[in-house]
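Protein chains in written order, with my numbering: chain A, 1 to 294; chain B, 1 to 422; chain C, 1 to 271.
Bear in mind the hints are in silico, worked out from the structure with no lab data behind them.
Errors might be hidden in some of the hints.
What the hints assert, rightly or not - Here are the simulated distance ranges between beta carbons: (1) Tyr19/C x Ser353/B: 52 to 58 Å; (2) Thr258/A x Val100/C: 35 to 41 Å; (3) Arg128/B x Val73/A: 43 to 49 Å; (4) His66/B x Val100/C: 58 to 64 Å; (5) Arg53/C x Glu349/B: 40 to 46 Å.
Ideal placement from N, C-alpha and C gives every residue a C-beta, glycine not left out.
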Amino acid sequence: MNGSSERSLPYLFLGPALLVMLLVVVYPFGYNIWISLTNMNLYHLRDPTFLGFEHYRNILGEPELVAVFIKTVLWTVVNIFFHVTIGTALALLLNQEIRGRSVFRALLILPWAMPQYITALTWRGMFNFEYGQVNLILTEWFGFEAIPWFGSETWAFTAAILTNIWLGFPFMMIVALGGLQSIPEEMYEAARIDGAGRWQRMREITLPLLRPVMVPAILLGTIWTFNNLNVIWLVTNGGEPADKSHILVSQVYKAAFTYYRYGYAAAFSMVIFLILLVLVIVYMRQTRATERVY
Amino acid sequence: MQNRYFRGFLSGLIVVVGCMGAVLQAGCAGEKAADAGPIEIVLWEMMDPQERELLLQNITAFEAEHPDVKITAAHFGVEDVRNQFLTAALGGGGPDIIYGPSDQVGPLSAAGTLRPVEELFGAAFFERFHELTRIELNGHLWSVPEQFGNHLVLVYNRALINTPPADTDEMIRMAKASMVDADGDGKIDRYGLVFESKEPFWLAPWIGAFGGWVMNDENEPTLDTPAMASALEFCRELKATHGVIPQDCDYELADTLFREGRAAMIVNGPWSWKGYRDAGIEIGISSIPRMTSTNAWPTPMVSYRGYSISASCDDDKLEVVRAVVEFLTGADVQRQYAEKIGALPSLLELQGSDLIARDPVLAGSMEQVLRGQRMPIVPEMRAVWDAMRPALQNVMNGESAPAAAAKEMQKMATKKIAEMRS
Amino acid sequence: MKRPLLYLLISAITLAAIYPILVVIGISLRPAGSLYSTSLALIPAGASLEAYRVVLFEKPFGRWLANSAAVSLLVTIVGVALASTAGYAFSRFRFRGRTVGMAMFLVTQMFPATMLLLPLYVLMRNLGLTDSLPGLAVAYSATALPFCVWTMKGYFDSIPAALEEAALVDGAGRFGTFVRIILPLSAPALAITALFSFMAGWSEFIVARVVLSSQELYTLPLGLESLSNSFQTEWANYSAGAILVSIPVVVVFLMMNRFLVSGLTVGGIKD
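Bound conformation, chain A alone:
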């Protein structure tokens, strides 16, 4: 092997994937940066003129921006926390040798397998005040008061989060199941010989060794959830009650598709993009996600 070919090797390995990404992503991204600096809207769809950073100034000057940002962070953190804990716990349960575990696994991926549109709307129906199954179960089985799910901001947000947790845990479960297979059995045996208990083995072997596979899933899960408009939009029917159930990306969607304010929507997208970029850089510094564990 000569030196120069060894040096070009990684680029060859990387090339195809990179090419696909560049092909599909670079142009749309550049296009958005451009229109975010123009007045492109319904009345200037084909003849946008350069505007500079006016949209950005307007966005950063919006009084509600901080509140919606905090809500978006809350939405993301709560969802990811439950996705990962529920997913990992189920993966640990279903990694044991028990009869019929493929059946359990297959059933548990159903929330992920079924088209989100129908399941999210079904959940909306389940949260109906008078007829929804959630309130029926709460009142008839447990004797609680019926909850006005879409009558208050907090409950509507909770309903959307519950739905999204349900939609997202199977994905983390599958990833964790894969990660568990990378842990060599010998390590457990060695630990057992050293007298480590079940809990100790979990804490010192399983969880740390799950990390390399879970970190990317958590990282991407965070990004996707931060921008996951569908679920909250479908469950709250576009912002019930009274437009209070919105996350940052809802503004982009409304600006683009209700008002055709393409320039503003693109600028808002850039703001979201930059927020996420900062959050993820901080996270990657903390977890050293690009480095090896061994």
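Fit chains B and C to the supplied structure of chain A, relying on the hints for placement.
Okay, now just chains B and C, sitting in the frame of chain A:
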């Protein structure tokens, strides 16, 4: 050795991915090369499955008479057809003809993606259509109306209601009388009246009943009015004071209850009637009853659907496009739609015919249309809807008083319209 | 934990988790086709399989299925091939631009997707990829790759470098070690990558709507959407369709599931 193969493999992958686009492009170009064939017209629509079936039959009939024309119809959802059309127009693609609701021409014409239709058909052509179906915007007409209506009516379950109520007081009385709590658990098993109580489209009839409307003739929002406050108060009372409509009543709940025979009356549009009949409900159609306090008729929003012509349609195709649209909005086709689907014709000659008179559903629907008010087609209406929705929900949830909500609506609508233009 | 207790626990969790799925099944059996239910009964009065008959036999369901399968298989092949090679580069080589490259894959996911639709359409049109299934597959590959590349990289990281160093010393070359040593050890990650790539486009609607317009090319989500009326959705048909759509996903999962059991992994081969 193996390194070399692997390098070959990876380079191969890169080449394959890179060529994918080029190959496909060549493939598409090859298909387009055969331009000696018929004139191809592309039409996008958002029709319901049954309507689409009729459309396809009519297209086949047209093609049989014009062998040199080939029409391709592509289907989209209501929102998709508009958004896709704009996207395609920006990308330099899209259809020659687009079919849709009247309010879609607002944004599409503002964006400069449509051709004025009166230039192609001549102003006289449109005199045959009902005046509510030819609404000008910026001095032009933007679509040829094919059907008329899309308005709310009072639908009642004939098994529970004999004669529809004459005024709103009677409607409330009948609704109360139809409410049933069969097992006495304090939960209502059958409601008297249901309708989507969170969407402003269902508020519109009541605004008119108090003498107000959402926009004036200059297309400026007129939301902060006593009429708006009264309409909001009326809806709030239906739920809070009279308790005739359910707590958390959105479209799907109202629809479900009526289908299951667990609601005596529903306010809903023509799109829903077939589903009720399929569910075994014998329905009656009547106008939404007179408001007792004002003695005025509620005025549901009346709109129409029709064909618009893309600005990017080639000039040499225009004559064929005109023939296609004229055929698809002609008397024969409209008669078919009325008889088979229950769509109201937009042509005056058919509106007076016994086609309407002999069918009680069409007649009831027609009666209501003539009591309605036109839905504004300007793009700013989107901001008005969006401003009305949260305020309406706040009133229904008891979070704000009707007068304050009306004020808030006007403020938000003005703000959002200004933003649209910025 | 004791076996019966374990079973009880797993069964209870599974039942709770699939309850909404049972509700969807209930909707698909409803003769009146409404979305909401007004009782806790899962099987509605007058339940019928009519919706399944309509979706399967009155509509070109087979064609939609074939189109979706073609797109998803293409995405799966591209996803697995490209993600494993790229993941390997990130895991095993230290080269200029490595960290930036890894971050790049993440960064592409951060921009709100709704705003990418318009330029994506313009781009696809210029490349002649609109209204074509391979064009759709390229778009989906771009959504699948970032996760797949990172997952493969993470998994490769957990395979001790000593294993392939031995092989390299034996003169196997990079290609040989990658294919013969690393890939077989990575079966679980490859399974996840395959499953995820498959799912990236399987029930995706928005991009498909932008890219495709010919009815002959409709994928399952587009086909199902065309069943609904403009204001009124036939929920029974829609739910029946959704259930039919999720069956192939479960089948693919079960095919991959055999790689998600311990015993054929690092430990097993090391002996």
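Hints, one by one, checked against the model:
no. : hint                            : verdict
1   : Tyr19/C x Ser353/B: 52 to 58 Å  : holds (54 Å)
2   : Thr258/A x Val100/C: 35 to 41 Å : holds (37 Å)
3   : Arg128/B x Val73/A: 43 to 49 Å  : violated (59 Å)
4   : His66/B x Val100/C: 58 to 64 Å  : holds (59 Å)
5   : Arg53/C x Glu349/B: 40 to 46 Å  : holds (42 Å)
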